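J.: Chain A is already provided as a structure; the job is to place chains B and C on it using the hints.
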Amino acid sequence: MNALIFLIIFPLFIAALALVLPAGNALRKTVGVIAGVVLSAVPIYLLIAYLDTGPVYFRVGSHLVNMVMLAVEVVIAAFIVYISLRSKRYLPIVLVAVQSLIMVTFELTAGGTMEIEHSLFVDKFSIIMALIIGIIGSAICLYGIGYIPEYHQHHKEIKERRRYFSFLIYLFLSAMFGIVFSNNLMWLYFFWEITTICSALLIGYRNDKQSIESSFRALNMNLLGGLVFAIGLVYLYNSSHIMELDKLIKLDRNLVLLPAVCMAFAGLVKSAQFPFSSWLTGAMVAPTPVSALLHSSTMVKAGVYIILRVAPALENTVAAKMLMFIGGVSFLITALMAISQSNAKKVLAYSTISNLGLIVACAGINTAAAVWSALLLIVFHAVAKSLLFLCVGIVEYKLDSRDIEDMDYLIMRLPKLTAVMMIGMAGMFLAPFGMIISKFVTLKAFVDTNPGMAIVLAYGSAATVFFWVKWMGKIMSIRHGEIEVVAHRVSRWEWFTLDVLAVSTVFVCLAFPLISSGVIDPYLTERFGNVPVPDFFNVMVTFFIMVGLLVLLPLGLFYFGFANKNYRRVATYLGGANIDNVTFEGAMASVQTIEMKNYYLQKYFGEDRLFNVGVIISLALLCVMFGVAFI
Amino acid sequence: MNSIYEAYQVLSMAERALVFLVLAPIAGGLLAGIDRKLSARLQGRYGPPVRQPFFDVLKLFQKERIVVNKFQNFNIILFFLFTACSGALFFAGADILLTVFGLALAGTFFILAGFSVGSPYSHLGAEREVIQMVSYEPMVILMAVGMYQATGSFKVADLVQYEAPLILYLPGIFLGFLYILTIKFRKSPFDLSMSHHAHQEIVRGITTEFSGPALALIEITHWYENVLLLGMVYLFFGFNPWIALVVSLATYLFEIFIDMNYARFKWQLTLASTWLFTAVAGISNIVVLSVMK
Amino acid sequence: MAWFKRSPWILHYNATSCNGCDTEVIVSLTPLYDLERFGIINTGNPKHADILAVTGSVNEKSVQALKNLYDQMPNPKVIMAVGLCAISGCVFQDCYNVMGGVDKVLPVDVYVPGCAARPEAIIDGVIMACEILEKKYAEWKKGRG
Chain A
0 MNALIFLIIF PLFIAALALV LPAGNALRKT VGVIAGVVLS AVPIYLLIAY
50 LDTGPVYFRV GSHLVNMVML AVEVVIAAFI VYISLRSKRY LPIVLVAVQS
100 LIMVTFELTA GGTMEIEHSL FVDKFSIIMA LIIGIIGSAI CLYGIGYIPE
150 YHQHHKEIKE RRRYFSFLIY LFLSAMFGIV FSNNLMWLYF FWEITTICSA
200 LLIGYRNDKQ SIESSFRALN MNLLGGLVFA IGLVYLYNSS HIMELDKLIK
250 LDRNLVLLPA VCMAFAGLVK SAQFPFSSWL TGAMVAPTPV SALLHSSTMV
300 KAGVYIILRV APALENTVAA KMLMFIGGVS FLITALMAIS QSNAKKVLAY
350 STISNLGLIV ACAGINTAAA VWSALLLIVF HAVAKSLLFL CVGIVEYKLD
400 SRDIEDMDYL IMRLPKLTAV MMIGMAGMFL APFGMIISKF VTLKAFVDTN
450 PGMAIVLAYG SAATVFFWVK WMGKIMSIRH GEIEVVAHRV SRWEWFTLDV
500 LAVSTVFVCL AFPLISSGVI DPYLTERFGN VPVPDFFNVM VTFFIMVGLL
550 VLLPLGLFYF GFANKNYRRV ATYLGGANID NVTFEGAMAS VQTIEMKNYY
600 LQKYFGEDRL FNVGVIISLA LLCVMFGVAF I
Chain B
0 MNSIYEAYQV LSMAERALVF LVLAPIAGGL LAGIDRKLSA RLQGRYGPPV
50 RQPFFDVLKL FQKERIVVNK FQNFNIILFF LFTACSGALF FAGADILLTV
100 FGLALAGTFF ILAGFSVGSP YSHLGAEREV IQMVSYEPMV ILMAVGMYQA
150 TGSFKVADLV QYEAPLILYL PGIFLGFLYI LTIKFRKSPF DLSMSHHAHQ
200 EIVRGITTEF SGPALALIEI THWYENVLLL GMVYLFFGFN PWIALVVSLA
250 TYLFEIFIDM NYARFKWQLT LASTWLFTAV AGISNIVVLS VMK
Chain C
0 MAWFKRSPWI LHYNATSCNG CDTEVIVSLT PLYDLERFGI INTGNPKHAD
50 ILAVTGSVNE KSVQALKNLY DQMPNPKVIM AVGLCAISGC VFQDCYNVMG
100 GVDKVLPVDV YVPGCAARPE AIIDGVIMAC EILEKKYAEW KKGRG
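As they're listed, the protein sequences go chains A, B and C.
Under numbering that gives the first Met the number 0, think of the first position of the first sequence as 0, with each following residue one higher.
Under numbering that gives the first Met the number 0, think of the first position of the second sequence as 0, with each following residue one higher.
Under numbering that gives the first Met the number 0, think of the first position of the third sequence as 0, with each following residue one higher.
Derived from the structure by calculation, the hints contain no laboratory data.
Here the structure is a predicted model, which means the values were calculated and not measured.
All C-beta atoms, glycine included, are put in the ideal place defined by N, C-alpha and C.
Careful: at least some of the hints might be erroneous.
Claimed, not checked - With a Cα cut of at most 27 Å, we get these calculated DSSO-like pairs of lysine-lysine:
| no. | chain 1 | residue 1 | chain 2 | residue 2 |
| --- | --- | --- | --- | --- |
| 1 | C | Lys66 | A | Lys564 |
| 2 | A | Lys415 | A | Lys596 |
| 3 | A | Lys564 | C | Lys134 |
| 4 | C | Lys66 | C | Lys135 |
Said to hold, decoys possible - Listed next, with one range per pair, are the computed distances between beta-carbon atoms:
| no. | chain 1 | residue 1 | chain 2 | residue 2 | range |
| --- | --- | --- | --- | --- | --- |
| 5 | C | Tyr95 | A | Glu404 | 40 to 48 Å |
| 6 | C | Pro112 | A | Ala418 | 53 to 61 Å |
| 7 | B | Ala262 | A | Arg491 | 14 to 22 Å |
Bound-form chain A, shown alone:
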């Protein structure tokens, strides 16, 4: 139990330190490194300590804690009112006022008599989440040490608030640990609200018009989610006098359906599913570490976490079906929209929503196989996507653009970075690495329960392949001849993080049978009593192909790069009119340069065309979901 409390308190402590220590102090970096080591080590310790045990629940003397939390909540509410008033935005004030009113009244009337048996707990799923938050989250913090100074060099107009930035990030990590370890729903809700406010503040870091806009959009949507969450909690307590996660899912379905739906709704908002996807795409105005943190390891993962947690309470209901369809719609439509984007961060954002959609759909199906693949998806997505975000962040400064169309010959200009980026992309879509293993199982799970979803998956994966392949092709095109290597120094901090994440991407791909049998299977046994057995032969084949590729790629690159001399180099074919590889003689003896652009099919998959479709469908589905919960 101490380890859990430590994980929640320790980042708070670091956050306080970050606020106190002056910027540019060498001590800050030391503290950052120590925090990184500790935050990675403790979840690993948890994993080892609880490897053979089932879920463990802990009793914490909670009344005082509750009061402190209530006080903090009120302070946060006041703070939200303050910043909203300052920017003359009134919707957040209304939302936060209603929410605080509900919670304060509830706490004051029912809080005293509330019996909480276990406030904290830990099981395999929490440990997986803790590992992701701890390792990836703190790696991103280290990246930030190298990144933020450069960020301010590039954006002189932005006021430097480095201490405030680190403070928020560590506070965020603390709240994330709180979410995954809380069994007391009041606590869960408290941490949930902290992530909301932190993320909104982080998105608004630049403090210009656009980022304030995005920041308030994120705030509004997540406050709405929080409000619904609060209503769900109050309803739950009034109807069944229960305030604990483990008891919630064991209760009679009629009693818990509405609260569970409310929590799932909050989860949908947090994981940026349709119709709430716009806050996540808006979040990319923030500095790269923030978007990496929000998209990969924390914020959105909290959303799918809560959905997967309450999914058992929805089992076999229409609400679960709706959840599945919302996930499916988000998966398909964002994958299609990603085709039409040339902004690298936006492609990543849509791909995130798309993958989370798949996880939500799996949660809606809630069979052992579906949850198995959902958990694997969470793991693979967290490592590969954070890696990609951080890479794009660096590319953005080296090329002064985040447009994919400007990434021609990237492999020649930033060779090592591109190699790392390609590892991330391979992890995201390339069979047999990473995601595809889970898609494999997901497909089987879909066919067994709802073939309609198999169709969604079929179209969605085709779209996924499209936007990844054309991007990957763009950065790996090579042109012979002189090209300026963008030799600006990438700081050690950034390299360290990228290396760690690249290695972990490869590691989780290779070790997925181990992850599955060591962590995920025991969790599924606890929950479903059975474990989906992926065909042993298939696993072996996939594994051999992966190992084969990992051996083949360096060997092949070495052979073609150094050993093979048996070739003659010629220019590319340009109708015979070559001047050199990239220029040719045009009409009137003009010198023309070739330019290669990708297809974006705006006309078919443009945002303006598909976004509204997604919103309308998902709104309808949401209405049905709440409708059945009320009835």
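T.: Then chains B and C, alone, in the frame of chain A:
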């Protein structure tokens, strides 16, 4: 009549894979030769000998290796390896999804090869190849899904020995598959990214910068792929090996016939028509099957 | 083994032809002459070609393209000058911008006469070019090995 199955069952998985790896290029090359001969005859020409594809490939292996950049042929080798592997897995009787994903991986490497050379014609070819891939991929996955729904197994070994004729359960899927087969065989009207015919508006599309041995490898890979695809057609009629063989062959001839009769589509029409056809034929079939179960 | 004469692939380049010879080259692909029965394919891509068939005389403008195309063909390769203009420049040889026949700039291996060259002559030329291809291959291999 069942001697084919008996022979199939006698062999172990590894042996079946080996048989495929050895025989498929021969069969694929002959099919390509028949294709060229028949196409010529349909055009009123005499046509090259049936062995012509082998001559071409052997010649290409003797040519000088010219490259635009040092690494360009690596992707082609991976393309070849993964296509051959997926085919071997299929004929060994492994999971059909594994085959489908393997084939997609191989296709990805081919596309990346087209992108990596940095030539405008290859680039455009690769871009079109991606669109083709996006067009046919849903149907290929739905085919596997439909077969699973009908038989309860993804294993090719089970599918091929399923007693009832799969075609009766999966008529829509079969039609949809036939439609995308034209793309996979690189036949008109869907030979957008590269064509086996003389001239194309983007020179030789994705293969523009690949010559000599690399081009030969692409050709052999294509043979492997064709045999694998005909193997998938075979599955629909697996209840009777002779009918299945005849239908597979007839499908190939049918594709040649289509090839001769159509001009090339634009990619817009390719994408839209394929997705629509997949939606109508494939999805209705799957929905009906799930209602029946 | 002699695979080159079984599958000679042609790249056709119009240096500055009047289109007479070009038409004849295309005509040889038609059912009446059917070049493909010898395995001959008109590729349209130098990187796939074995034989470069040039029609028309070479002038100041086309010479660079011709050289580029020749350079982009993989060895062994053969140049075939199709028609009188390609052989000598014919009536255009004294023009201010014309350099003359193809052999002024590149080593021609086969000369196919005619104005315009007949399809039969072109096919005959290709068959001759095949023999030279084989010879060149043997030399090239020796030189390389």
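J.: Now tell me, hint by hint, if it's right for this structure.
T.: Hint-by-hint comparison with the structure:
With a CA separation close to 25 Å, the supplied pair Lys66 of chain C and Lys564 of chain A stays within the 27 Å bound. Our distance criterion of 27 Å between C-alpha atoms is met by Lys415 of chain A and Lys596 of chain A, whose separation comes to about 24 Å. Only pairs whose Cα atoms come within 27 Å are accepted, and Lys564 of chain A paired with Lys134 of chain C is accepted, the gap being roughly 25 Å. For the suggested pair Lys66 of chain C and Lys135 of chain C, the alpha carbons sit about 19 Å apart, so the restraint of at most 27 Å is met.
Distance hint check for Tyr95 of chain C and Glu404 of chain A: the Cβ-Cβ separation is about 45 Å, which falls inside the suggested range of 40 to 48 Å. Separated by about 57 Å at the C-beta atoms, Pro112 of chain C and Ala418 of chain A satisfy the suggested range of 53 to 61 Å. Here the CB-CB span from Ala262 of chain B to Arg491 of chain A is close to 59 Å, at odds with the stated 14 to 22 Å.
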